[in-house]
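Enquirer: Given next are the chains, with one letter for each unit.
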Amino acid sequence: MNPLERYEPLVDDVEAFRAACARPLPSVVRVNTIRSTTDRVTRAFDEEGVTYEPVSWHDGLLRLPDRDPGTNWPYFHGWTHGQEEVSALPGLALDPRPGERVWDACAAPGSKTTQIAAAMNDEGTVVANDNNLGRLSALRHNAERLGVTNTIVTNADARNYSMKPLAFDEFDRALVDAPCSCEGTCRKNPDVLDQWTLDHVTQVAGIQKGVLTRAVQATRPGGTVVYSTCTFAPEENEAVLDHVLAAEDCELVPFDLPLETVPGVTEWDGETYDPSVRHAHRVYPHHNDTGGFFCATLRVGGDAEDADRVDNTTSDGGDAETGVDA
Amino acid sequence: MSRPTNDGQRFDRLPETPADREVEGRASRREVLDWWEERFGIQPATFDGYTFWEKGAGKVWVFNGEATDPSRVEAIGMTFLRTRQDHWKPTTRAVQRFGELATRNVIELDPERASRFAAGEDQELPEWDGDWGYLVVSHAVADGSAPMGVGLYLYDELRSVVPKGSRAELSVVER
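Going down the list, the sequences are from chains A and B. The opening residue of the first sequence carries number 1 in our numbering; numbering runs sequentially from there. The opening residue of the second sequence carries number 327 in our numbering; numbering runs sequentially from there.
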């Protein structure tokens, strides 16, 4: 069975959903603001004759319809990084500031880690963790290529992550971009649909709950935790949020994303979830001609203390428009 | 008690000065800053917010975050400089990251030579009358100069030391 069929009751236009999922995605690069600017990258593309199209909802993303995104001068210089459009969303939702302490719990191969580091102007500390040593080498390569100097890389199980190697005992923000069943990437890698099983969904949902729980525990009161996946499965999305809302002191908060999304679902397969899961965003391929995605923002409970090492703490994570040319 | 020796499996912070050195052969922060200034004219203040760490035999990393004892982590910042050899060698990535600040031992290549350098080719370059050794190799791109990486200049020849995995066959862009 094609697993996408099970999500058809959730979408507004089944034909458009099916059609979009069957179309391949164009290559996209994100401009690495540690090293360059969108203006300089596009001027270099112009000189070299590389065709590009802007992405309307983010001025740091460029579609490259004709070419391998890794064979041009800006890439050679570390000015760009190949990254699917929707993959830029959790970094926007996390909205990290220069000087903060940020955890990327499932970080490899580092697209979001390096985006976070760039949003922090390469200042503060990013802790990029992954339990897969092989994938960590890709993360390290990407971080070096992009000139990231504020990131520590660790190799541990995020579910029982120890703060011992770090200079502090809690984070200001954490991203859980969880391992998942990945149907949302089918436009890039159709094999994910053939490999899909409900057993895997059940198994990976347990891991997701464990990692998100640890992220909430490791983040300071008032801090922000972003949860994201590239699956449509409510078992791996709203059900995970529902579990952690019940188990830990945290709440889901509303936030904006700069493209068309629909709210999280409160019912699925005979289960009902906490009504606040509607604050999460579902991104369907046919709405913005992207991959599929899921993204939620949690605020950790308890009394917030101002982080005095950060100059600009005006937001509790709700301002996802920062840095976006809306 | 014997003096501590370098453990290549862990990150250790560089001592501030040669006088603070406990591990034999380990570069000090002062020597690293002096090297970048003497070789490339990059001001020591550039690295005021950064710490330097050694892992492996002489590989120095540069880090811009908070750390106290990160000895067992996988990486801290980025690789920066190879020490514990006669001629210290900056990494390609460090030169791409900080090389724009260099004021000497910088060689600017024309478009044709720049493409050959990026592809990893060595090239005859007798007209260079500057120092031998490791150079910042730059070219013009998008209304400015941008460092491509590290070249080794010896006997009228500029060798490309761009790592194999980072080389690329790129077009000659006449600007």
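If you are wondering where the hints come from, they were derived from the structure by calculation, not from laboratory data. Some clues are possibly wrong.
To be verified - If you want the footprint, here are the derived chain B segments under chain A, 3+ residues with CB under 8 Å:
id	stretch
1	335 to 347
2	419 to 425
As the list claims (entries may be wrong) - Partner residues aside, some chain B positions facing chain A, computed with beta carbon under 10 Å:
id	residue
3	ALA383
4	PRO473
5	GLY491
6	ARG493
These numbers come from a predicted model, not from an experiment. Note that the Cβ used here is the ideal one computed from N, Cα and C, for glycine as well.
Enquirer: Checked against the structure, which of the hints given earlier come out wrong?
Expert: 1, 3
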